[in-house]
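Participant: Okay, here's what each chain looks like letter by letter:
Protein chains: 2
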Amino acid sequence: MEKHELVIIGGSAGGAQVAICAQEHHNLDDLVVIRREKKVMVPCGIPYIYGTLDDVDSNIMPDGVMGKVKIKVGEVVSIERGSKILTLSDGEKIGYNKLVLATGSNPVQPPIAGMDKKNVYVVKKEHSHLREMAKAMESARHIVVIGGGFIGIEFADECRKRGHEVTVVELLEHCLRLVCTDELCSRVEGALEERGVNIITGSAVQSIGGTDEVEFVQLDNGREIKCDMVIVGIGVVPNTKLAEDAGLEIGTMRGIEVDEFQGTSDPDIFAVGDCAEKYSFFNGEPVAIRLASVATREGKIAAINLYSRRWRNVGTIGGFATVVGDMAVGAAGLTSAQAIKMGYSVVIGEADTVSKHPGTMPDAQPIRVNLVFDRRSGKLIGGCACCAMTVGEMVNLIIAGIVNGMTMEQLALFPMGTHPQLTASPLVYPLTDAASDALHKAISNV
Amino acid sequence: MEKHELVIIGGSAGGAQVAICAQEHHNLDDLVVIRREKKVMVPCGIPYIYGTLDDVDSNIMPDGVMGKVKIKVGEVVSIERGSKILTLSDGEKIGYNKLVLATGSNPVQPPIAGMDKKNVYVVKKEHSHLREMAKAMESARHIVVIGGGFIGIEFADECRKRGHEVTVVELLEHCLRLVCTDELCSRVEGALEERGVNIITGSAVQSIGGTDEVEFVQLDNGREIKCDMVIVGIGVVPNTKLAEDAGLEIGTMRGIEVDEFQGTSDPDIFAVGDCAEKYSFFNGEPVAIRLASVATREGKIAAINLYSRRWRNVGTIGGFATVVGDMAVGAAGLTSAQAIKMGYSVVIGEADTVSKHPGTMPDAQPIRVNLVFDRRSGKLIGGCACCAMTVGEMVNLIIAGIVNGMTMEQLALFPMGTHPQLTASPLVYPLTDAASDALHKAISNV
Chain A
1 MEKHELVIIG GSAGGAQVAI CAQEHHNLDD LVVIRREKKV MVPCGIPYIY
51 GTLDDVDSNI MPDGVMGKVK IKVGEVVSIE RGSKILTLSD GEKIGYNKLV
101 LATGSNPVQP PIAGMDKKNV YVVKKEHSHL REMAKAMESA RHIVVIGGGF
151 IGIEFADECR KRGHEVTVVE LLEHCLRLVC TDELCSRVEG ALEERGVNII
201 TGSAVQSIGG TDEVEFVQLD NGREIKCDMV IVGIGVVPNT KLAEDAGLEI
251 GTMRGIEVDE FQGTSDPDIF AVGDCAEKYS FFNGEPVAIR LASVATREGK
301 IAAINLYSRR WRNVGTIGGF ATVVGDMAVG AAGLTSAQAI KMGYSVVIGE
351 ADTVSKHPGT MPDAQPIRVN LVFDRRSGKL IGGCACCAMT VGEMVNLIIA
401 GIVNGMTMEQ LALFPMGTHP QLTASPLVYP LTDAASDALH KAISNV
Chain B
1 MEKHELVIIG GSAGGAQVAI CAQEHHNLDD LVVIRREKKV MVPCGIPYIY
51 GTLDDVDSNI MPDGVMGKVK IKVGEVVSIE RGSKILTLSD GEKIGYNKLV
101 LATGSNPVQP PIAGMDKKNV YVVKKEHSHL REMAKAMESA RHIVVIGGGF
151 IGIEFADECR KRGHEVTVVE LLEHCLRLVC TDELCSRVEG ALEERGVNII
201 TGSAVQSIGG TDEVEFVQLD NGREIKCDMV IVGIGVVPNT KLAEDAGLEI
251 GTMRGIEVDE FQGTSDPDIF AVGDCAEKYS FFNGEPVAIR LASVATREGK
301 IAAINLYSRR WRNVGTIGGF ATVVGDMAVG AAGLTSAQAI KMGYSVVIGE
351 ADTVSKHPGT MPDAQPIRVN LVFDRRSGKL IGGCACCAMT VGEMVNLIIA
401 GIVNGMTMEQ LALFPMGTHP QLTASPLVYP LTDAASDALH KAISNV
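For the record, the sequence lines run as chains A and B.
The opening residue of the first sequence carries number 1 in the working numbering; numbering runs sequentially from there.
The opening residue of the second sequence carries number 1 in the working numbering; numbering runs sequentially from there.
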């Protein structure tokens, strides 16, 4: 029987990061990644397969990134924790000393009548499934996207790029409502509409109709939308069957319960990524923030802690960003609504500026930043931003403020660097300006 | 005699920021900015006048940004500190209660023979001077730029865009040597050369020759470079005459001495921006980092502290960035050479990655990041980065790490957000990867 020092089940972002860091920090060479797929998809790249990349095979995570790890394609069906032996679906048995579960998540299958009709797809991360979607899309004319979160609007924008008629149906009153201010949500919706995407918010899909193939979706208000393809992107559920069967504890958000070192209730088994429970940076409560960037961080923590508990996961903040046309939006931490629900008294700082300076520079674009501070401590707890292609790193700057507990005073004096072509003017730099605005409001008790 | 609660001398970045913040935080409405120029140039935008903007008037800082401040165009020639009265060059007298000096800097005039020839220009921030340069440039064929710092390479790149033959002469062995690693400097030089700019490093200009107009520059090795225009960009000296004449203390880097609240040796007079002395964030020693972004931060500090000492300047870090073609570079804090000179034992972390993910995304570009850590404390003390248009905010993220004293462990676990079109992959995010590399080296004692 094959036996390995470290076995990682799952080869997407979290599992791959464990493999990288285990080699880097422990000089491990006896490690194997067992995964179901021959080719692993870049998870966040999936919507881009359908427009920007235009090919499933352009979205493959190169195995080389993991270094000299052994890769085994197969499905683990059980974990015998006492003897530390895994059984694969073909009956093969593999021993482990340390085990990391990175089994990911599955798309939510909403209980909508007609979900089983032809050309209705949830978004699985599997090569064959995504290829089938691509094929179905070739003959689709009108696509309905159910869910106006990041994945939904990215699919909508990409499908629109291919010339499809596209309608997004979102249950909440705005797309991206869970991470952005209403004002930024409206900007995103406006940008999508400008690009020809139909947006319907505050509506649930009641049923999916058609004889064999999908022909329409029916909304809760009775309205019917004709379509010949439906893409459902309304979230994921942790894939924990293997862990549950092995008797590991499962948390309230349905992830595998882990301690602050990514350890499970078994001292030799760790869990990372979408399959693992996450806890809020702000109050330690379980949260459903399942992102590749969160998975890789957990992968690093698990890898470092394999043999002794060294690095603590101080909690999940969550940083998101996306692009619609030439407008990008992003968010991190808590929205003011989430913060108030948690018991914070909040102060909001806002800034409107321009991405280059002077504003006459070619391609200068508007920037809007909205920061959420805890009134009592003055600390930054969330924010969102809208502005061209620098928004990804701007979100990371907001995260740096949050993770370091920076106050509105500290951020108002943040010693940023600036450049005419790369940033806003130092006189109206958005993060310092928004912090200054919050400070002013806090002092004036607005 | 006119008298004002607050008088600000100088209307560039630092002075303007004082005006903004004094209104915002003290509800001041009796304030005046006295400046020599009718129209104020965006300081960092100056090189872009000559290519990207193509017009001096496109680079004007709008007065509106300062709110309802009174603007007086004139030159203050003396400060009578006892009676708190200023005298202008036309004899007018103006009283003040609080005074902020934001008199800026003047370009260094190197002691090179021939500096007085026609078509030899230092870069003053004055509208008329810059207009004259623009005019001279119209008939120039070959331009020599003396100085390969940020301003020098920006002028070189912009002039090249207009089709001029351009040669940069830099005294040190690399352009940007004072802020970047040799490797990044070489990339910048390579990008400039690819765009047709001639680069000569490790050479001093001995003299500027010609009968009336400049005809050539002669290097210290005897080589002559034919040219019909010379632009000198080798730094600035603080403009402190007014302060010196008024008996205020001057520091070792030739700026007006200020305490940690931006106060001068007179309790009612503050100094901000290029005219004020700066002290290193790292060891408190005077440093010559004169940037608009530093000036605006000092402006905020001075404004807040006008009536009571509330905000402390914890020292100057310095964040720089620039663009050559579609390659951008930036840096913050200490280079390893500077750090070693200060007595640090350093660990360098490096990362090479790609700006988008998967790497097959259109317009994905290489990223290189180099971080400098203090080996003893593990804290980040500097870094530089090279990568397309997100480098400005990436430098700011490095600054956030420095200002918060983040260690290599904390940065290796930095909870960044990522997106296919906006950032590198979460598996190879450059800042976390470089921190991880440093950590690995520190542990292995490399």
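Everything labelled a hint here was simulated from the structure, so no lab data went into it.
Hints are not guaranteed to be accurate.
Pairs involving identical chains hold if they fit within one copy or between any two copies, as the list cannot separate such chains.
[Stated by the list, open to error] Straight line, CA to CA, 25 Å or less: simulated SDA-like cross-link-like pairs of lysine to any residue: (1) Lys38 / Asn445; (2) Lys135 / Arg312; (3) Lys379 / Ser336; (4) Lys84 / Glu350; (5) Lys125 / Val428; (6) Lys70 / Ile94.
Participant: Hint by hint, note whether the structure agrees.
Facilitator: Hint-by-hint comparison with the structure:
| no. | hint | result |
| --- | --- | --- |
| 1 | Lys38 / Asn445 | neither (58 Å within a copy, 39 Å between copies) |
| 2 | Lys135 / Arg312 | neither (45 Å within a copy, 62 Å between copies) |
| 3 | Lys379 / Ser336 | within (13 Å within a copy, 32 Å between copies) |
| 4 | Lys84 / Glu350 | neither (54 Å within a copy, 38 Å between copies) |
| 5 | Lys125 / Val428 | between (42 Å within a copy, 20 Å between copies) |
| 6 | Lys70 / Ile94 | within (13 Å within a copy, 79 Å between copies) |
In the structure shown, a violation is registered for the earlier hints numbered 1, 2 and 4, in ascending order.
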